[in-house]
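Residue numbers (my numbering): 59 to 353.
Label-pair restraints from in silico Cβ distances:
#	residue 1	residue 2	range
1	103	138	24 to 30 angstroms
2	138	247	40 to 46 angstroms
3	188	250	22 to 28 angstroms
4	182	321	35 to 41 angstroms
5	177	325	41 to 47 angstroms
These are calculated hints, taken from the structure and not from any lab test.
The structure displayed is predicted, hence computed values, not measured ones.
Ideal placement from N, C-alpha and C gives every residue a C-beta, glycine not left out.
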Amino acid sequence: MTPSPTPAGDPRPVAADRVRQVVVTVSEIACVLGTLVGVGVFGTRVPESSGGSLAADATLLAPAGTAFSIWSVIYLGLFAYTVWQWLPSRAAAARARATGWLAAASMLLNAGWLLVTQQGWIWLSVGVIVALVLVLGLLVQRLAELPGPGGRLDQLVVDGTFGLYLGWVAVATAANVAAALVASGARQEGRGAEWIGVAVVLALAAVLAWIQRRVGGRWAVAAASAWGLSWIAVGRGLDEPRALILAGAAALAAVLVVVATALARGRAPAPGTAPHAVRRQEQGAVPASAGHRAR
Numbered sequence: 059m060t061p062s063p064t065p066a067g068d069p070r071p072v073a074a075d076r077v078r079q080v081v082v083t084v085s086e087i088a089c090v091l092g093t094l095v096g097v098g099v100f101g102t103r104v105p106e107s108s109g110g111s112l113a114a115d116a117t118l119l120a121p122a123g124t125a126f127s128i129w130s131v132i133y134l135g136l137f138a139y140t141v142w143q144w145l146p147s148r149a150a151a152a153r154a155r156a157t158g159w160l161a162a163a164s165m166l167l168n169a170g171w172l173l174v175t176q177q178g179w180i181w182l183s184v185g186v187i188v189a190l191v192l193v194l195g196l197l198v199q200r201l202a203e204l205p206g207p208g209g210r211l212d213q214l215v216v217d218g219t220f221g222l223y224l225g226w227v228a229v230a231t232a233a234n235v236a237a238a239l240v241a242s243g244a245r246q247e248g249r250g251a252e253w254i255g256v257a258v259v260l261a262l263a264a265v266l267a268w269i270q271r272r273v274g275g276r277w278a279v280a281a282a283s284a285w286g287l288s289w290i291a292v293g294r295g296l297d298e299p300r301a302l303i304l305a306g307a308a309a310l311a312a313v314l315v316v317v318a319t320a321l322a323r324g325r326a327p328a329p330g331t332a333p334h335a336v337r338r339q340e341q342g343a344v345p346a347s348a349g350h351r352a353r
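Between the sequences and the hints, there should be enough to build the whole structure, so can you do that?
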């Protein structure tokens, strides 16, 4: 049964909405606790965990240390999202319903990754971060399928937060896989390893370009991924292990992501009219009304 609309035209919250709000809030608390472990308040700092495999100078694909400051923005955004979804006008909103459970899953996976790395389970951490990037990719795709942006607050708190989150975690996934391989004995000395790194960052740029085509080109995704790739370039150009060819390739990959985003925005169909969105509309999963595309 469809809940009756409020005077403003939004549906009234039902029990499932309240359960989702509570789960998101509990997940945010778990994420904060996991973060306190990761920064060393309750445990070992991430760069020093897993035998130092995740340090900024541990592998060819590790971004320089400054890159990780983006987490402060993402964590602030996740807190803002948790508050946002409790607003009376957002409790039963389509954007809250489409993203809430996936947002909660991303927070729990984030906390899980931090706890796994504390135990030194580096390959398990790869599995967790791959799951995280898939969840975030699905969340951002759902935002692209919705027919309207929901206002500037929604664009900042929802689209901005999860766009940054996805873009950064995509780069972090490549770095995490490299850390696991090196921890398992893979060599990273010599030109051969450096050219493999070049192939990886260019392949990552291609994957991000494909993602941007799927979601209509989102500047938040581009900003975070270009940020991460640029700091790989800085790390390999100025820090050890030094790899100047890889540094140049990472810088090029950052530029390619931005260009691909601009092209994706120019070719993007109206919200709710992309083939995968139309299929959802026919199934009743997405309202068919038109609106301006959210970013």
